[in-house]
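Chemist: Just so you know, the sequences run in chain order A and B.
Just so you know, our numbering puts 165 at position 165 of the first sequence, and the rest follows in order with no gaps.
Plus 1000 on top of the position in the second sequence (first one is 1) and you've got our numbering.
Source of the hints: derived by calculation from the structure; they are not laboratory data.
Keep in mind that a hint or two might mislead.
Subject to a maximum C-alpha distance of 25 Å in a straight line, what follows is the list of computed SDA-like cross-link-like pairs (lysine to any residue) [to be verified]: (1) A:LYS117 to A:THR76; (2) A:LYS117 to B:TYR1042; (3) A:LYS117 to B:LEU1033; (4) A:LYS117 to B:VAL1038; (5) A:LYS117 to B:HIS1074.
Stretches of chain B that chain A covers, calculated by requiring three or more beta carbons in the stretch to come under 8 Å of a beta carbon on chain A [what the hints assert, rightly or not]: (6) 1047 to 1060; (7) 1081 to 1089; (8) 1094 to 1104.
By construction, the Cβ of each residue, glycine as well, lies at the ideal position given by its N, Cα and C atoms.
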Amino acid sequence: MAELHADARLVREPFTDVAHQRAAVSLGMWVFIAQEVLFFGVLFVWYGLFRAQHPDVVAAGGRALDVPLATVMTVTLLVSSFTMVLAVRSAMLGARRGLAGWLAATGLLAVAFLAMKAWEYHHHIAAGEVPVVDLHAASSVVEAGRAQFFGLYFVMTGFHALHVVGGVLVIAWRALAAARGRELPRWTAIMGLGLYWHLVDVVWLFVFPALYLAGHA
Amino acid sequence: MSARDERREDGGRALEPPSVVTSLVVLAALLALTLATVALAYVDLGTVGHVVVGLAIAGAKAGLVMGFFMHLGHEGRLPRLFAGFGFTWLAFLVLFVVIDVVTR
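With the hints as extra help, turn the sequences into a complete structure.
Modeler: Structure (structure tokens):
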């Protein structure tokens, strides 16, 4: 079995050993994740209520979204979760260059995801698919429904994208620190970053079928 | 100390670096489930059928990510409890919204 990097300098006050420190980081992250589940949970309850009351509007909205692109985005995030696992593994083994490389790969995949998202937003805004109803124009019920669906779409995907942006910033910071090699990779911190990144992946795993896969049958 | 006690104490098994082979198998399963959910979206299952299938596949994928990538399967009792808290409160939220809507 590969040897765990357990240098005494990795352990910070008030912890006495790396197992204790790891358990504390993990528990802290899961408390944060529980809070995030509720944050996104509210958005999904909004979605569920809207879909239950206006199934046709959600179906029409789903057909206006780009399924092949969203599938590629899903694959991108899943692969980035895998590269994050390898980054955590490198950190645990004390492999500094491996850590820098896998974090860089994760960050690049995340940037690719954001680029696809930006392209998608640009496309929808250019097509007038926005959460705004022009009350002066001859606005129909169909148009108001579409605006409501895109309200859901932009809020749900927007909050998710903000989480991706936050992740990219921290991943880039840790990748640079590892590449410069001024300090030992403190793997408990990388593990915490990994937990956050996988959470961002999990949220997308629900956003994807909820919005994009509605109304195609 | 048995393996079970070790896990209970401080997630002893989580001190092992993640296995590359296991992670690759999990990734392959996640990609296969993604293709399955996209393919099933084009099959006529009715709105309820699509919601059930979509939620079930997304739940299975989330379970794989949390169990393996987020090493919840190797954690001690406390992180599992807190992971459960998030979803339990979400279930309460959903329950009371449903009660509100169906009794209007």
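Chemist: Run the structure past the numbered hints and jot down the numbers of the failing ones, going up.
Modeler: Those not satisfied come down to hint 5.
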